[in-house]
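Chains as they are written, first to last, in the numbering used here: chain Z, 241 to 426; chain X, 104 to 358.
Because the hints were derived from the structure by calculation, they are not lab data.
Note that the structure is predicted; figures quoted are calculated from it, not measured.
For glycine and all other residues, C-beta sits at the position ideal for the given N, C-alpha and C.
Do not take every clue at face value.
Covered, in the sense of this in silico footprint (three residues per stretch, anywhere, with C-beta under 8 Å from a C-beta of chain Z), are these stretches of chain X [as the list claims (entries may be wrong)]:
#: 1; stretch: 132–140
#: 2; stretch: 145–157
#: 3; stretch: 168–180
#: 4; stretch: 264–270
#: 5; stretch: 278–284
#: 6; stretch: 339–353
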Amino acid sequence: MYRTPRLFLFAAPLAAVPGRAVAAGMPQLNFHDPLLIGQVVWGAVIFGGFYLALSRFALPRVERVLTNRRTRIQSDLDVARKAKAEADRASAELLSARHEAAEQARAHVERIQSEARASADAHAAETAKRLEAEIANAETRITQSREQALSSLSEIATSTTQDLVARLIGTQDEQTVASAVKRVSA
Amino acid sequence: MTGEASVAAGSTIDALGQFELHPVLGHLGEALRFSQSPLFMLIAVAVVLVFLYVGMRPAAVVPGRLQAAAEISYDFVHDLAVSTIGENGATFFPFVFAIFFFILAGNYLGLLPFAFTYTSHIAVTFGLAIMVFVISILASIRFQGVGFLKHFLPAGTPVWLAPLLVPIELISFLSRPVSLSIRLFANMVAGHVLLEVFAGFTIMLAGLGAFGHVLAVAPIAINIALTALELLVGVLQAYVFAILTCIYLREAVAH
C-alpha cells in the first residue's frame, strides 16, 4: 500500500541520475569498514543497556503509577458503593419509620374517635334517661293535677249546683244535688 | 545530508553518502570504532528514557500531557505484547517495548537535518532481527522444550509429505530474520535516498537561473510530502517489527 508509489518515486530519479550513486556501492554493504561492525557491537551494548534501564527502572515506574491509579479508583468506587448502601439503608429506615409513625397516628386518631363517640353516646344516653325521667315525672304531675282537678270538679259542680238550686228554689238538699251531679258527670 | 557538498561541486547527486560512517570524538572514536551510528543510538535511547522519566515524574493520578503520552506509549506496547503473545506477554513486554522504541526513535531522529539514521544500516537491523530470532528460539526451548521442533511438521500432515514440508517450514523459519531486517532497512534507505535525491534536484535547478529558481519549488514540495510519508513509515516500520517480534514470541510460548 505504501510501497508502490514510493518505489515508483524511488525508481524515477535513480533512472534520471547518472549511475555513480548506485555504482559507488552502498556504504551499508562495505563490510570491510571496521565502523560497520563496530556499530553492531556498540548497538548490542546500547540496546542491552536500554533494555535493562527499561525493565528495571523506567517501565516498573509507569506500572506503579498505573497500578496506584487503578487501586485508587477501585477504592474510591468501593467507598462510593458503601456510602450508597448506607444511604439506601438510611432511606429504607426512614421510610419504615414514617410508615410506623403514620400507623401509630392512625391508631391514635381511631382510638380518640372511638372514645369521643363512646363518651358522646354515654352522654346522650344519660341525657335521654334524665329527660325520660323528667317526662315521666311531669306526666305523673299532670295526672295528679288532672285527677286533682277532676276530683275538685265534682265538688265545684256540686257546690255551684247547690248555689244555683238554692237561688232557684230557695232550698237545697245536699244529698240529692250531689247524687244528681254525680249522675250527670259520670 | 553529507552528500550536499559533492552535489554543489559536481552535477551528480550522491544519494548514498549520507549512509557513510564516520568516527566521532576524533582518535578515541576511531580506536573504539565509535561512529555517528552508535552516537545516535545513544541519543535515541536517552530521548526515550528522558521522556519516560520526565513524563512519569509527577506520578499524578490525573496525568498531564507528557505523563499521558508516557502512559499511552506504555499501554500501547503493553496491549500489543499481551494481546499478541498471550498470558506470557507481560514477560516479554520490556523487550518488545525496547525494540519498538529503539526503532521508532532511530527512524524519527533520522528525519532531523544532519542526523544519522542507524536503522538504515542492514548490519543494525539484521542484528536486531537476529536478536529476536535467537530470543524466540530460546523462548521456544524454555516453554516447549525440544518439542518445539515438531512445529516444522504441521499437525495432521501425511508422513510422506514430510520430506517436502519440513524443508519448506525450515526455510520460512530461517528467512524470518532476513525479511525482518531487510524490510526495515529497505524502507529507511528508500525514504532517505528519495529525500536526498529531491533535495539534490532543488540545488541543481537553483543553478539554472531565474527559471530554475521557480522550478526548484517543486522538489521542495515533494520533499515536504515525503517527510510526512516518512513520519508514517517510521512508526509503521517500528510497529511492524514489534508486532512480528510478538508473533514469533507467541509461537515460541504457545503449546
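> Which numbered hints turn out to be false for this structure?
Replying inline: When the structure is compared with the hints, numbers 4, 5, 6 turn out to be violated.
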